[in-house]
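Asks: Given chain A, work out where chains B and C with the ligands should sit, using these hints.
Each chain, written out:
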Amino acid sequence: MPAEGRQLEKLRHLARHALESGAVSLVIGFAEGTVPGRAAPLFCTAPADADRLIFDGYCTLNLANYLTRPEVRAHQTVALVARHAVAKAVVGLVQESQVDPTRVRLIAIHCPDLDGLQQDVAWTVADGLQTLDEFLPTAAHLHDQELTPERFAAVAQVESKSSHDRWDHFAREFDKCIKCYACRNVCPLCYCERCIADKNQPQWIDTSSTQRGNFAWNIVRAFHLAGRCIDCGACERACPMDLPLMELNRKMKKVVAERFGYVAGYDPKADLPLVTFKKDDPEEFIK
Amino acid sequence: MSRIGVFVCWCGENIGRTVDCPAVAEAARRMPGVAHAVDYKYMCSDPGQQMIIQAIAEHRLTGLVVASCSPRMHEPTFRKAAARAGLNPYLCEMANIREHCSWVHEDRAVATAKAIELLRVMVEKVRHNEALKAVSVPITDRALVIGGGIAGIQAALDIADAGHDVILVERAPSIGGHMSQLSETFPTLDCSQCILTPKMVEVAQHPRIRLLTCAEVEAVSGYVGNFEVTVRRKARYVRLDRCTGCGACWNECPVKKIPSEFDEGLGLRTAVYVPFPQAVPNKPMIDTENCLRHKDARRKGIPVTESKVCGKCEAACPIPGKAINFADADELETVQVGAIVVATGFQTLPAAAIPEYGAGRFKDVVTGLQFERLASASGPTSGEIRRPSDGRPVERLAVIACVGSRDPAKGCAYCSKICCMYIAKHAMLFRHKNHHGAAHVFYMDIRAGGKDYDEFVRRAIEEDGVDYLRGRVSRIFERGGKLVLFGSDTLVGEKVELEVDMVVLASAMVPQPGVQALAQKLGVAYDQSGWLTEAHPKLRPVETAAAGVFLAGTCQGPRDIPETVAQAGGAASKVIGLLSRDTLDREPIIARVDERVCDYCTACIKTCPVKAIGTKELKNRQGVLLRRVAEVNAGLCIGCGTCVAACRPKAIDLAGFTDAQLFAEVRALGDFNDIEGRECDGVPHFGPAGCIAGQSVKSGGLDSHPTDAGMEREKHG
Amino acid sequence: MADFEPNITAFVCTWCTYAGADLAGTSRMKYPANVRLIRVPCTGRIDALFILKAFENGADAVLVSGCHPGDCHYTSGNLHARRRWTVFSELLDFVGIDSGRVTFSWISAAEGRKFADLITEVTAKVRALGPFDSYRKMSAAAGEQSNAR
Ligand SMILES: Cc1cc2nc3c(=O)[nH]c(=O)nc-3n(C[C@H](O)[C@H](O)[C@H](O)COP(=O)(O)OP(=O)(O)OC[C@H]3O[C@@H](n4cnc5c(N)ncnc54)[C@H](O)[C@@H]3O)c2cc1C
Ligand code: SF4
Ligand code: SF4
Ligand code: SF4
Ligand code: SF4
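Residue numbers (numbering that gives the first Met the number 0), protein chains in the order written: chain A, 0 to 286; chain B, 0 to 716; chain C, 0 to 148.
Just chain A, with the same shape it has in the complex (with noise of 0.2 Å):
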C-alpha cells in the first residue's frame, strides 16, 4: 500500500474507533465530491461511516466552520479531521467562546509546511484522538511560517503601487462582487447569526450589489477579520467572482503582527488584538 493508503486506513480507523468507542458522536471529514477534484464535507455519525472518508490535496475547506452550526452544537463531542488550519479555526473559535475545547477532537493531518495541502505534498495523520491543548505543541513549529516574506507575495506588490492605482485595482476587484456572501459562509469565524451585511435598522452596509455597497462589505468583512482570521483561504477559493480576499486578510495579518505581534490560531488564551490593548501601543499616526 503506498504511504497515503496507509495515512488514509488510520484516518478511517480513528474515526471508527472514536465513533465505537463513544468518544464522540460526530466526526465531520471529507468524502469524494460530486464534482471530481472537489471533496465535499462528510458528517459521520455511525461507525461505518467512516469508510467513505478522503483525504487529499483538495480537501481544503474549512471544517471548523460547521462547529458553530446548531446541528453540529446539539451533539456533546465531535471530532474533526483536522489539517492546521481547522485546528487554528477552533483555537479562534475558543478564543470566543464558541466553542467549548472539552468537547472537540481533532484527527489531526499533518503535513511539512503551513500550505501543504494547496500543492500536493505528503501528509500523515498523528496518532490517536487529539484535544487541543494535545495538538498545539505539535503544530507550534508552524509559527515561525506564518510572517516570511513569500507569504505576502501578493500583498507586497499591491504595497508597491501607487494609492491611485491601489485604488483601481480594488474598485475594479470590488466591482465584481456579486454578495453572494460565500466568503461569509465558508468563513470559520464569520459565525454571526445575523451578519452586520444583513443588519437593516440601520443599514450601515448596502445589501445590494452596487459599487459602495461591495466596497463597504469588502472593507468591513476584512476588518471583522482583523487579528482574527487565520489564513485558511477558504474565503477566497469560495469566491466565485475571484475576488482576491487573500491579499485584504494577509495585509490585516500583517499590520497586527507588525503592530500588536500577534498571529492568531496559536495561542487560545491569548487576547485577541482588538479587544485588548497596551498603554505604549504605537500612536505615530495619530495627531
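A few of these clues could be false.
What the hints assert, rightly or not - As a list, the in silico EDC-like pairs of lysine to aspartate or glutamate whose alpha-carbon atoms are at most 16 Å apart:
hint	chain 1	residue 1	chain 2	residue 2
1	B	Lys-520	B	Glu-217
2	A	Lys-253	C	Asp-92
3	B	Lys-605	A	Glu-95
4	C	Lys-136	A	Asp-167
5	A	Lys-278	C	Asp-70
6	B	Lys-233	B	Glu-215
7	A	Lys-253	C	Glu-89
8	A	Lys-160	C	Asp-70
9	A	Lys-268	A	Asp-167
10	A	Lys-286	C	Asp-116
11	A	Lys-9	A	Glu-19
12	A	Lys-278	B	Asp-526
13	B	Lys-618	B	Asp-584
14	A	Lys-277	B	Asp-526
15	A	Lys-160	C	Glu-89
16	C	Lys-29	B	Asp-106
17	A	Lys-160	C	Glu-120
18	B	Lys-294	B	Glu-305
19	B	Lys-537	C	Asp-70
20	B	Lys-311	B	Asp-286
21	A	Lys-286	C	Asp-132
22	B	Lys-233	B	Glu-332
23	B	Lys-481	B	Glu-496
24	B	Lys-605	A	Asp-270
25	A	Lys-277	C	Asp-70
26	C	Lys-29	B	Glu-105
27	B	Lys-537	B	Glu-562
What the hints assert, rightly or not - Pairwise CB distance ranges (calculated):
hint	chain 1	residue 1	chain 2	residue 2	range
28	B	Asn-619	A	Pro-46	26 to 34 Å
29	C	Gly-99	B	Glu-493	53 to 61 Å
30	A	Asp-143	B	Lys-618	42 to 50 Å
Treat the hints as calculated values from the structure; they're not laboratory data. For each residue, glycine too, the CB sits at the ideal point set by N, CA and C.
Replies: What follows is chains B and C with the ligands alone, placed relative to chain A:
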C-alpha cells in the same frame, strides 16, 4: 411621527451677529419632522425657557433641538425645561452654533449655512431619540474598607464618625500596617506607635466599625450602592470572643525561634503569637506552618483535631472552655455594602531583587524597614542600633538611596517619594543615638518636597553632620567583619571606598503582591507597575473608574503618612456623600444587548473598561441551557460605548448614542447634490441647494425611513 | 479647483476634543467652516462604519479625535480605539484611500489652539487633494457599470 420643536438662540449678539438666526429657524421649518421653529434673543433666560415649555404643550412636541451654545454649557438647563413641560428630558438635544460656529467664523453666509447643517444633524438625531429613564439604584448604607493600615484606619474612622456602618477587612492578624513598624516619623520625629495606637484602639471600640482581621476579599459582585462582597475569614485557631489576650499560651509555646514578620526577621516569636504588643485585636493566632500540632497532623495526614502532639497552649489557656480552638476553619461570609475603599498599601522591593548590594546575603545590609525596627524603642534591640550579625554597636553607617526606584530594569520606573525623607531620618536617628558615630548617605538627588521637609534634610546635614555623597554605590563586599562599599562621588568626580559596620538600603516601594487580582475583582485598573489607577489623575484622585470604589493610601502609588491620611479623608468624604443618600440616579446613557443577535463572542465583555458586561444564560421552560448572551449591568455601565464599536454584528447599542442616531447624524451631513447617480432613498434631504428628492417638505411631518420598516435577515435562517 | 470647499465630517469625544473645540470658540479663534462635529461619549464608541458612511454621504475627509492616552474619561476607551484605528487606517490606505482623507488626533479640552490649527491644516490639505470623487462616483445603484476613474 416626530413633531420636533427647534429653538434658535441669538445669544444676544454672540450668535446673532454672525449667524442669521431667523434664516436658520426658517430653514428648520422646512426640515422633515420639524413641527415648530422659532428664534429668540436668549433661549436660556426665563422667558426663553417659558417659550419652550409653552411650545411643547401647544404644538404637542415629541422632541426638541435648541440651537445655541455648547451642550456642555446648557444641556442640563434645557433638559430640565423639557422635563418641566412633561417631555422626557432625553428627547432634547442641542446644536452648538456658538462655540462651534458663530465664534469661530466671520463670514455671515458661511456661518449661517454651517449653523443650518449643524441643526439638521441634531434634528435627525432627535428623530431617533427615545425617552430614557434615569437609572435609580438604592444604596446600602454600609462601607467596606479593604486594608487596615493608616489609610484604611483613617477612612474607616471618618466614615463611621459620620454615622455610617463600616466593615474593615484586614489580611494580617492585626491592623496597623507599615506605620506600626516605624520608629519615629519624619519630619517631626514623633513616635509612630504613640500617634497610631490610639487610632487603632478607636477602630476596635467604634460601635459602627466591624473589624475582620485574618480576612480577605474573595469575590465581589454588584455595583455602586449595591455591592455583594464575599469575605474569607481565615482560621485563627483562637476564639476572639473568649480570649482575653493574657499571654499564657505564647509563654508556654515551645516553638520560640520563628523570625518575627513584624520585626522584619530581626526578632523572634512563638507559633501562637500576637504580632506586636500593641496589636489590635490584642489576641493571638496560631501560625499553622510552625505549630507542632499542625505539623504533626500534616505529616500524618489527619485532621489537626485528632493530633495529640504538644497542645501546650490549649493546656495553658486559663479561660473556662478554652479560647484555643483547634477545630477552627476558614469561613466565607457575604456582606452587602454600598461603597468600597481600597487601602491595601505597599511592600518594599524584596531583597532577592537587589543582589548587587548583598541584601539577604550579608546580615548587616538591612532594609529601611529593618532599620526602623532597630531604631524602635519596642524593637528587637530596644532601640539601640546594633549589627544583626554579631550584635555589636554600629560606629559607621551607610545609607543608599534609590535602591530599585527610578530604575526601569527593576520594574520601578517611578520615584518612591518617601525614601529621601526616611534616609535623612535614619541617618539622623543614628546620630542621635550614637554621637560619635558617622553616617554617610549615597544619593542621586534629594527630593524633599513637603512642609518642613527640606528643612528636615538640611538639619540632618547641618546639625547632625550627616555626610551626603552624591553618587551610586556599585558594589558591596565583606572584609574583616566590615562591609566595604565601592562607589563614586559624582560631585567631586572621585571613586569612593568606604568601610562601614552596617548598610541601610532605601529599597523601592512596590505594590502589594496580588493586589492586581483584587483589582480585577473590583473592576479597578492598575498601571504597568501595578499601582491602582484613579479615575482622573488630577480631578478625581480618590475615585476609580468603577463607580462606588475609592482608593486610599499607598495602594495607588508611593506616598508618606500625611498624604495617605489626607487621601483617606478624601475617599471617606466621597463615601459619606454617597451613603448619605437613599438612592442614586445614574445617567441612562448605558449599553444594552439585543439577545436575538448576540453571538456571545465576548468582544464587548473583554473591552468594557469597567467590566460591566457579564453573561446571561438563556434557558427554555425546562431549564435547559439554550445559549449564552452578553448582559450589561446597568449599575456598572458608565456609558462609554467602547463595547458597541467592538461588537461586529451590532448586537449591543448605547442608549443616547445609538447606531440609529449616529447613522442619522452622518446621513444628515450628506450633500446629495454632489452625488451622481444616487437614487432617492426616501429620506428627504437638504443640501445647501435643497432636497434633490423633491419630496413634499412643507408638511414638515415626513417621516418615512425605508430603514424603519423591513425585518432583519439572519444568516443561518 | 480654486473654489472647492471640502466637506469634512469629524467624530469626536465629548470630554476632550469636543471641549477643545468649545475652548477654541470661547477664545474666538478662527478656522475654516468646513468641519462638522459629531459628538460621541468616547472615542471607544467610534465605529469604522461611521467613517465609511461619512464617505458614502459625500465627505471629502474624516477626522477622528479624542482624549490623549491617559486622559480618557472612561480610562481606556481611547486605547481600544487606537488599536482599531491602527488597523482600519492601514486598511483604508491599502485600498487606495489617501491617508490625507482620514486624520486621527488627540486633542484635549485645553487644546483649543491645537483644534483650530488642526482644522485649518486638514482643510488646506483636503482642498489640495480635491473632492473625493473616486468615492462619490462609485455608483449607489445596482447593476451600474463601473465608473471608478
Ligand atoms: C522604611 C520606611 C520608613 C517610613 N517612614 C515614614 C515616616 O517617617 N513618615 C511618614 O510619613 N511616612 C513614612 N513611611 C511611609 C509610610 O509607611 C506609608 O506612607 C504608610 O504606612 C502607608 O499606609 P497605607 O495604609 O497606605 O499602607 P500599609 O501600611 O501598607 O497598610 C496596608 C494594610 O492593608 C493590608 N492589606 C494588604 N492587602 C490586603 C488585602 N488584599 N486584603 C486585606 N488587607 C490587605 C495590609 O496587611 C496592611 O495592614 C515610611 C515607609 C518606609 C518603607
Ligand atoms: S477570512 Fe478567509 S482566510 Fe480568514 S479565516 Fe475566514 S475564510 Fe479563512
Ligand atoms: S462579516 Fe463581520 S458581522 Fe458578518 S459574519 Fe463576518 S464577522 Fe460577523
Ligand atoms: S460583542 Fe456583540 S455579539 Fe459579541 S458578546 Fe458582545 S453583544 Fe454579543
Ligand atoms: S458602554 Fe459598554 S464598554 Fe462602556 S461601560 Fe457600558 S458596558 Fe462597558
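Asks: Compare the structure with each hint and give your call.
Replies: Hints, verified against the model:
1. B:Lys-520 with B:Glu-217: 8 Å, holds
2. A:Lys-253 with C:Asp-92: Holds - the C-alpha atoms of C:Asp-92 and A:Lys-253 are around 14 Å apart, at most 16 Å.
3. B:Lys-605 with A:Glu-95: 10 Å, holds
4. C:Lys-136 with A:Asp-167: 13 Å, holds
5. A:Lys-278 with C:Asp-70: It holds: about 12 Å lies between the C-alpha atoms, which stays within 16 Å.
6. B:Lys-233 with B:Glu-215: Roughly 8 Å separates the two Cα atoms, so the pair holds.
7. A:Lys-253 with C:Glu-89: Distance ~10 Å between A:Lys-253 and C:Glu-89 Cα, so the pair holds.
8. A:Lys-160 with C:Asp-70: 39 Å, violated
9. A:Lys-268 with A:Asp-167: 40 Å, violated
10. A:Lys-286 with C:Asp-116: It holds: about 11 Å lies between the C-alpha atoms, which stays within 16 Å.
11. A:Lys-9 with A:Glu-19: 15 Å, holds
12. A:Lys-278 with B:Asp-526: Since the Cα atoms of A:Lys-278 and B:Asp-526 sit roughly 9 Å apart, the hinted pair holds (cutoff 16 Å).
13. B:Lys-618 with B:Asp-584: Not satisfied, since the Cα-Cα distance of roughly 32 Å exceeds 16 Å.
14. A:Lys-277 with B:Asp-526: 11 Å, holds
15. A:Lys-160 with C:Glu-89: 15 Å, holds
16. C:Lys-29 with B:Asp-106: With Cα atoms ~11 Å apart, C:Lys-29 and B:Asp-106 stay inside 16 Å; holds.
17. A:Lys-160 with C:Glu-120: Violated: A:Lys-160 and C:Glu-120 sit about 27 Å apart, past 16 Å.
18. B:Lys-294 with B:Glu-305: 12 Å, holds
19. B:Lys-537 with C:Asp-70: Answer holds: B:Lys-537 to C:Asp-70 is near 10 Å, not above 16 Å.
20. B:Lys-311 with B:Asp-286: Roughly 14 Å separates the two Cα atoms, so the pair holds.
21. A:Lys-286 with C:Asp-132: 25 Å, violated
22. B:Lys-233 with B:Glu-332: Within the cut-off at roughly 11 Å; holds.
23. B:Lys-481 with B:Glu-496: 12 Å, holds
24. B:Lys-605 with A:Asp-270: 8 Å, holds
25. A:Lys-277 with C:Asp-70: Measuring from Cα to Cα gives roughly 15 Å; hence the hint holds.
26. C:Lys-29 with B:Glu-105: Measuring from Cα to Cα gives roughly 8 Å; hence the hint holds.
27. B:Lys-537 with B:Glu-562: Holds. B:Lys-537 to B:Glu-562 sits at ~15 Å (cutoff 16 Å).
28. B:Asn-619 with A:Pro-46: 26 to 34 Å: Since B:Asn-619 and A:Pro-46 have Cβ atoms about 32 Å apart, the given range 26 to 34 Å holds.
29. C:Gly-99 with B:Glu-493: 53 to 61 Å: For B:Glu-493 against C:Gly-99, whose Cβ atoms are near 58 Å apart, the range 53 to 61 Å holds.
30. A:Asp-143 with B:Lys-618: 42 to 50 Å: Cβ of A:Asp-143 to Cβ of B:Lys-618: about 45 Å, so the range 42 to 50 Å holds.
Hints 8, 9, 13, 17, 21 from the earlier list are contradicted by this structure; the remaining hints agree with it.
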